[in-house]
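**Q** Starting from the known structure of chain A, arrange chains B, C and D on it as the hints suggest.
In order, the protein sequence lines correspond to chains A, B, C and D. Going letter by letter, the first sequence gives residues 1 to 376 in full-length UniProt numbering. Going letter by letter, the second sequence gives residues 1 to 376 in full-length UniProt numbering. Going letter by letter, the third sequence gives residues 1 to 376 in full-length UniProt numbering. Going letter by letter, the fourth sequence gives residues 1 to 376 in full-length UniProt numbering.
One or more of the hints may lead you astray.
For identical chains, the list gives no copy identity; a pair is met inside one copy or between any two copies.
Said to hold, decoys possible - Below 25 angstroms or equal to it, Euclidean Cα-Cα: the simulated BS3-like pairs (lysine-lysine) are: (1) Lys34 x Lys49; (2) Lys234 x Lys152; (3) Lys49 x Lys339; (4) Lys152 x Lys274; (5) Lys2 x Lys47; (6) Lys263 x Lys152; (7) Lys230 x Lys220; (8) Lys220 x Lys274; (9) Lys152 x Lys220; (10) Lys142 x Lys152; (11) Lys152 x Lys231.
It is worth saying that the hints were derived from the structure and are not from the lab. Note that the structure is a prediction, hence the values are computed from the model and not measured.
There are 4 protein chains.
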Amino acid sequence: MKTLNIGMIGYGFMGRTHTNGYCQANHFFDLQYKPVLKAVCARNEEKAKAFAQQWGYESVETDWRKLIERDDIDAIDVCTPNNLHKEISIAAAKAGKMILCEKPLAMNTAEGEEMCKAVEDAGVRNMVWYNYRRVPAVTLAKQLIDQGRLGKIFHYRANFLQDWTINADVPQGGAATWRLDAEAAGSGVTGDLLAHCIDTAIWLNGGITDVSAVTETFVKERTHAETGEKKPVKIDDACSFFCHFDNGSLGLFESTRYARGHKALYTLEINGEKASIRWDLHDLHRLEYFDHSDDSVVRGWRSVHVTDGDQPYMGNWWVPGLQIGYEHTFIHQVADFLKSLETGEAIGPTFRDALETQKVCDAVLSSAADRAWKNV
Amino acid sequence: MKTLNIGMIGYGFMGRTHTNGYCQANHFFDLQYKPVLKAVCARNEEKAKAFAQQWGYESVETDWRKLIERDDIDAIDVCTPNNLHKEISIAAAKAGKMILCEKPLAMNTAEGEEMCKAVEDAGVRNMVWYNYRRVPAVTLAKQLIDQGRLGKIFHYRANFLQDWTINADVPQGGAATWRLDAEAAGSGVTGDLLAHCIDTAIWLNGGITDVSAVTETFVKERTHAETGEKKPVKIDDACSFFCHFDNGSLGLFESTRYARGHKALYTLEINGEKASIRWDLHDLHRLEYFDHSDDSVVRGWRSVHVTDGDQPYMGNWWVPGLQIGYEHTFIHQVADFLKSLETGEAIGPTFRDALETQKVCDAVLSSAADRAWKNV
Amino acid sequence: MKTLNIGMIGYGFMGRTHTNGYCQANHFFDLQYKPVLKAVCARNEEKAKAFAQQWGYESVETDWRKLIERDDIDAIDVCTPNNLHKEISIAAAKAGKMILCEKPLAMNTAEGEEMCKAVEDAGVRNMVWYNYRRVPAVTLAKQLIDQGRLGKIFHYRANFLQDWTINADVPQGGAATWRLDAEAAGSGVTGDLLAHCIDTAIWLNGGITDVSAVTETFVKERTHAETGEKKPVKIDDACSFFCHFDNGSLGLFESTRYARGHKALYTLEINGEKASIRWDLHDLHRLEYFDHSDDSVVRGWRSVHVTDGDQPYMGNWWVPGLQIGYEHTFIHQVADFLKSLETGEAIGPTFRDALETQKVCDAVLSSAADRAWKNV
Amino acid sequence: MKTLNIGMIGYGFMGRTHTNGYCQANHFFDLQYKPVLKAVCARNEEKAKAFAQQWGYESVETDWRKLIERDDIDAIDVCTPNNLHKEISIAAAKAGKMILCEKPLAMNTAEGEEMCKAVEDAGVRNMVWYNYRRVPAVTLAKQLIDQGRLGKIFHYRANFLQDWTINADVPQGGAATWRLDAEAAGSGVTGDLLAHCIDTAIWLNGGITDVSAVTETFVKERTHAETGEKKPVKIDDACSFFCHFDNGSLGLFESTRYARGHKALYTLEINGEKASIRWDLHDLHRLEYFDHSDDSVVRGWRSVHVTDGDQPYMGNWWVPGLQIGYEHTFIHQVADFLKSLETGEAIGPTFRDALETQKVCDAVLSSAADRAWKNV
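Chain A on its own, in the form it takes in the complex:
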């Protein structure tokens, strides 16, 4: 068994999901490589130690530059807020480390281009944690599309609806709510949520040509969690856009954190000439499928419970009817990454894949600001 020594930067929500992926991949997948939890890095040493203790990291660092220099680290996992992705990734690339970076790739396209150049110049393996590609039902959707089952595509629509910031007393900034602080997050729902929808969309339906968007910030001021000061909110609370895809289909996207009743309603639907598919994160183990070639009197949307051994990834889990959950998307991504070390083939989404998503996000924000269509 070959090892892959992991150096993790950050210990928050995403630190847990990735680490769990490293712990579980080899239990369920037959792989030649096995991740070793070498070190976790965070400025707060006490918290880093507690995290290391809970998950079994062998050591702790408080300076990410030092972590990157360590010879016993093969891969750097970047789980910091978005405004540190660039600096860390470029440094890690220069140090010859593989990089697994949390999404979105960067604060903007310019940063993303620098990062792509860095990893490509250094020739290091790189990947971005757009995890939803590896929900079995979504991977199945990809297979169905690649098999040509949908025929010519007319419509792609996706939304990501939440409701956790409706209360105007939710602060901005700091550990739990940096996603509301434009300085740490870059943007609001566009980079946080729509980026997921866009990554999946490009993967499933190809490139996006141009976009027209609208954004809204419903709560104009929020207290900053660290300073206690009331400050203008500069992120987008909600964003909708339509677009053209290279294949001629129309796209429609929406995201908000003000959709009362929706916790994390990421849905996507694709309408093709011959068939349509639909998926919903709230019941992620199901794929809805409509096949126009079915006998007309019994034609209807099929609710496919994606838990059988012949469906993506599911042969590695339990038996038909028994579902898996959110965290498994990260386990699958780790397993695929480890497999790619065996085969030598790159797997997506790479930094360059993620740069495409970044470009669409930038075009969306620019379109909303200028109230005009923008090319990607």
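**A** Coordinates of chains B, C and D only, in the frame set by chain A:
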């Protein structure tokens, strides 16, 4: 256009559904016969007149015997409580009238047999209003079964769950609540609700051999609506039974008026070797269909929205996607009955069909009383 | 009983729905006025006669001008293609007739303004058949909003998805497919489908300020049904737009006839600070309702089966659990119109209400043409 | 951190689920004890070694008696076919080991009683892996019932429907299909599937008084996987029963492996005077809840997405909207067991709890054999 002169006995809930069927059938179906609302009969003349006025009956009677004697009446529609079905039907048969009798056929099998003999001796057309056979989705189920799409049947299950008698203050007896009075109704949920399930089951899956049942009366005493007296409740509040069908499949049936949250949840499901179907009155325009021959990775229950022109009855209504409702089952039954006058072919359910259901109901009640299996 | 003498122009799909409304309203609603089917008018006399025969119209006209002149007609029902709405309505107004006009009001805002002026100058009652307001679940939504249950509104979204024109062999023009011919229909999905969504939206959520839209025509040429000639398709096959409402909420609308698997998927969802609601024409008797004030551990979307006597219109139909269908929306509209004759109060949607929808439709088409935001 | 040294007997499907529980509990729950994977035991040494390698067991045994004698083992996990549960458990109890035994407890009640006596005489901690109690939605159901939210209970119904043995070519006996061999399994769906339903039912709704059952074996002969011989099938392919609970409610249970289209449809529903709940393993993260005290016009079944921090176990996982899956029930059971070592309080289901389920299973099989009601 030939006419069919209707004499309706009763003006309650079922009086409305049947009369609406007579009014609407010719608007939507191409028929040679047209019902004429000749007379409605009820003891309460004032209420009968109001009903006649609202629906366009030409005349009113207060004595059903007189109605039966009228030469200008072709068909008697029996919408009284169950304890009058026998007497009226036999008299009508003797008078040579066609009879359309509300379900259940009778208070018990013995009565039902007399009634069958009467209509068959007289050679008059007869029909019982088991209306759910003519929900388009249920009729479609019948077609699918007859086409052999399900293969060998293993399981048939049905339930009819309501919650309207949970409150112990609901009285028994009288106009609105005669269904809780054993003298008027014969039985409780067995004759009222399970009879529907059994009629459909026999139609779809064939005869029932033997049954084992349990009944329960949760509220032991209720005030009688007419006398104000507190009296023991003699009907069954709930009834479950299992059975064997002639084709070797197992049946499981349940009905209750104490299932909080269910208004009229009549569901049925049939599991065959090759396919399964499922239906629910609460969304009556949908049929769930599972076909094992579908490609395995996209196999799942299909939700068929039964509103297309090639699905039963729907070519006579609107356009795909636009649903019809409860009352349409009676319109379909009227249309089919009128059509049968053209073709000369009997249509079900006839009195004799309904007698089979009556026999099962009797066996169920007897089994529950004796805590033993009973042959039908 | 007072009478309302109806003169119907057109006998197509909408002729049937309206006529059925006239036939049924008094069977189920307690009203002082009763419609009388005086005359139906169409250029094709034979078809008009067949229609009159089937539904009971007393007479037939082939020239709508003659119908309008008849003294025995109280109300003109306009069921023609859109390009005749203006001329007929203005003539009928001048003749002092009440007017019940099929939607959309007109070919464009300019026509609509003339029509409003005509009916208001003449002081005649007028109404437009935006029937979906009177689906019980939608009317219930209106009541919940008016009660303030949703609080401040953040998002309104609606779509109307169909799939019946995917096949490029579907012709344009003529009786069945005039909706694909820009000369008869004015626009494609915008006037046909989005107009419904917009009418409901304005009713539920107030006026629309500005819009940004995109349209697409997937099939560029279709044969004309009457000439057999291949002609460019000038209608919009698909249209999406976002908008701001006067109340500060964001709107998102989409319609298409290329969404494989959807027959008539008209859905709407409103997200408020305190509660959200959702509705779907495919299961029109249900309203989804999420109330944030519910105890958190059992909080969830409620599936409300809108069939109880205390829910809008349902006290006039059957018993809880038994659903009604599409055609009932027209019966309700007739009943409300008849009631308004008793009370003297106008009921919506009036021509002026429908003009607001027309303005939004025009802004949408103009925005799509210019790729720019447009004020309404 | 204190350790709990595990000795696992068996390495099949259940060996994986339990072992995963031991690996994951401390990653997500704050506990003073931590399981250590000391040894896995199986007759096939090669397979045992492969399993040990994959999951990190420190050693391998091929004789379970030897494992039980080892001083470095604190707890024995019994994952063998049912016919070995008794012998191993009694030996382990005598050796003073804690025992975590896969369900069902035993081949029959007599065995179960011996086992209970053994663990109670020895005073060793004991637990049976009825894992479905610890689906968060099911645990929430228990809390709602204990809070009195449902009021008096009228009905409890549950089913467990599968379709994997329809094909008559599926063999009996051996590693993958010992569940079809009566000698290894004791019974068919009764012990395999209904036992789960019964355990949950007793936990949620109290003891069962008497039962009436029917069983069926659809495929009469199957080839034995090990001998290749065609032998009579002695297990029950399907079983239904009704029962009375001590609290006066009626129970209705059904299980089969011949319900085409259902992979593992374990559903339960409880109807109380004040509220009802419903759950389905196929979407295990949802609980349906109907509360009669809701305002009547917006009353409906709530679909509760049980993923919030204030719902059972979910504070230890991700964020609202992100679901967990099947394997987590075992992680929860491990976590609760470890916690019980801290608190000293026993947690269920104990051997004695499981004995109650065994008694009901025996009564069910006896009732079916004799076609008569049986007391439990």
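**Q** Check Lys152 against Lys220 for me: Cα-Cα at most 25 angstroms, and say if that holds within a copy, between copies, both or neither.
**A** Cα proximity of Lys152 and Lys220: across copies only (15 angstroms, versus 43 angstroms in one copy).
**Q** Please sort Lys152 with Lys274 into within, between, both or neither, judging by C-alpha distance up to 25 angstroms.
**A** within (8 angstroms within a copy, 32 angstroms between copies)
**Q** Within a copy, between copies, both or neither: where do Lys263 and Lys152 come within 25 angstroms Cα-Cα?
**A** between (33 angstroms within a copy, 19 angstroms between copies)
**Q** Between the shortest in-copy and the shortest cross-copy C-alpha distance, which are at most 25 angstroms for Lys34 and Lys49: within, between, both, or neither?
**A** Both: 23 angstroms inside a chain and 18 angstroms across chains, each within 25 angstroms.
**Q** Under a CA distance limit of 25 angstroms, which applies to Lys220 and Lys274: within one copy, between copies, both, or neither?
**A** The answer is between: 19 angstroms across copies meets 25 angstroms, while 46 angstroms in one copy does not.
**Q** When no copy is named, should Lys152 and Lys231 be tagged within, between, both, or neither for a Cα gap of at most 25 angstroms?
**A** between (48 angstroms within a copy, 23 angstroms between copies)
**Q** When no copy is named, should Lys230 and Lys220 be tagged within, between, both, or neither for a Cα gap of at most 25 angstroms?
**A** within (10 angstroms within a copy, 55 angstroms between copies)
**Q** With identical chains treated as interchangeable, where does the CA-CA distance between Lys49 and Lys339 reach 25 angstroms or less: within a copy, between copies, both, or neither?
**A** between (30 angstroms within a copy, 23 angstroms between copies)
**Q** At most 25 angstroms between C-alpha atoms: does Lys142 with Lys152 qualify within a copy, between copies, both, or neither?
**A** within (14 angstroms within a copy, 36 angstroms between copies)
**Q** Check Lys234 against Lys152 for me: Cα-Cα at most 25 angstroms, and say if that holds within a copy, between copies, both or neither.
**A** Between. Shortest inter-copy distance 22 angstroms satisfies the 25 angstroms Cα cut-off; intra-copy 40 angstroms does not.
**Q** What label fits Lys2 with Lys47 when the C-alpha limit is 25 angstroms: within, between, both, or neither?
**A** between (30 angstroms within a copy, 22 angstroms between copies)
When held up to the earlier numbered hints, the structure conflicts with none and fits them all.
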